[in-house]
Amino acid sequence: MLLTDVDGVLTDNGVYYSDAGEQMKRFSIRDGMGVERLRAIADIETGIITGEMSGSVIKRAEKLQIGELHLGIKDKMKRLEEIMERKKITWDEIAYLGDDVNDLEVMQKAGIAACPADAMSMVREIAHFVCENKGGYGAFREFAEWLIACRND
441 MLLTDVDGVL
451 TDNGVYYSDA
461 GEQMKRFSIR
471 DGMGVERLRA
481 IADIETGIIT
491 GEMSGSVIKR
501 AEKLQIGELH
511 LGIKDKMKRL
521 EEIMERKKIT
531 WDEIAYLGDD
541 VNDLEVMQKA
551 GIAACPADAM
561 SMVREIAHFV
571 CENKGGYGAF
581 REFAEWLIAC
591 RND
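In this text, residue positions in the sequence shown follow our numbering: the first is 441, and each later residue adds one.
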């Protein structure tokens with residue numbers, strides 16, 4: 441299973457606000473194809489764990505048919521352990537893609553940890569795989585293709 445953060449990984453870390461609040465986030469279409477290819481080619485499920493509550497993330501997850509969508513999560517470790525228990529999987533079966541300090545604890549335990557090129561330096565230091573692409577600009581797809589290649593070797 442590949443789990444990912446949203447802001448700074450699936451998005452370019454920017455958000456558009458109006459007086460009504462958050463309006464839009466930018467997602468990469470290529471990253472979406474990565475979700476589809478993981479499922480179809482490598483039988484790898486994708487999930488999202490984010491501290492944010494965002495309608496645009498819900499819409500994106502629905503479009504990509506991501507079943508494991510967890511919004512407003514402040515304790516990512518606890519939520520991931522709940523997912524692992526429910527799905528009967530181990531840390532060795534978890535890949536995690538994160539970009540900031542709130543991802544560090546999970547990344548340190550995941551079987552494979554990855555980050556976008558523009559992740560915070562402390563995250564890049566512990567990642568097994570540092571993408572060449574930035575968050576929101578194909579980092580997820582790059583990691584997905586690497587996982588697919590590893591799975592098919």
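Everything labelled a hint here was simulated from the structure, so no lab data went into it.
Some hints could be false.
[Unchecked claim] Dumping the calculated PhoX-like pairs for lysine-lysine here, alpha-carbon to alpha-carbon at most 20 Å: (1) Lys499 - Lys518; (2) Lys503 - Lys518; (3) Lys514 - Lys549; (4) Lys527 - Lys499; (5) Lys549 - Lys528.
[To be verified] Label pairs and their calculated CB-CB ranges: (6) Asp459 - Trp586: 37 to 43 Å; (7) Arg591 - Arg466: 37 to 43 Å; (8) Gln505 - Asp459: 29 to 35 Å; (9) Met464 - Lys528: 21 to 27 Å; (10) Asp459 - Glu533: 25 to 31 Å; (11) Lys518 - Asp483: 23 to 29 Å; (12) Ser458 - Met562: 29 to 35 Å; (13) Ile529 - Ser458: 22 to 28 Å; (14) Ile481 - Gly461: 37 to 43 Å; (15) Asn592 - Ile498: 17 to 23 Å; (16) Arg477 - Val570: 17 to 23 Å; (17) Val570 - Arg591: 37 to 43 Å.
Only a predicted model underlies this, so the values are computations on that prediction, with no experimental measurement involved.
Note that beta-carbon positions come from the ideal geometry of N, C-alpha and C, so glycine has one too.
Going down the list of hints, with the structure as the test:
1. Lys499 - Lys518: violated (25 Å)
2. Lys503 - Lys518: violated (27 Å)
3. Lys514 - Lys549: holds (17 Å)
4. Lys527 - Lys499: violated (24 Å)
5. Lys549 - Lys528: holds (16 Å)
6. Asp459 - Trp586: 37 to 43 Å: At 42 Å between Cβs, range holds.
7. Arg591 - Arg466: 37 to 43 Å: violated (29 Å)
8. Gln505 - Asp459: 29 to 35 Å: Given about 33 Å between the Cβ atoms, the range holds.
9. Met464 - Lys528: 21 to 27 Å: With a Cβ separation near 38 Å, Met464 and Lys528 fall outside 21 to 27 Å, so the hint is violated.
10. Asp459 - Glu533: 25 to 31 Å: violated (45 Å)
11. Lys518 - Asp483: 23 to 29 Å: Given range 23 to 29 Å: holds, Cβ gap about 27 Å.
12. Ser458 - Met562: 29 to 35 Å: holds (33 Å)
13. Ile529 - Ser458: 22 to 28 Å: violated (41 Å)
14. Ile481 - Gly461: 37 to 43 Å: With Cβ atoms ~38 Å apart, the hint holds.
15. Asn592 - Ile498: 17 to 23 Å: violated (32 Å)
16. Arg477 - Val570: 17 to 23 Å: Because 21 Å falls inside the window, the suggested range holds.
17. Val570 - Arg591: 37 to 43 Å: violated (20 Å)
Consistency note: the structure conflicts with the earlier hints numbered 1, 2, 4, 7, 9, 10, 13, 15, 17.
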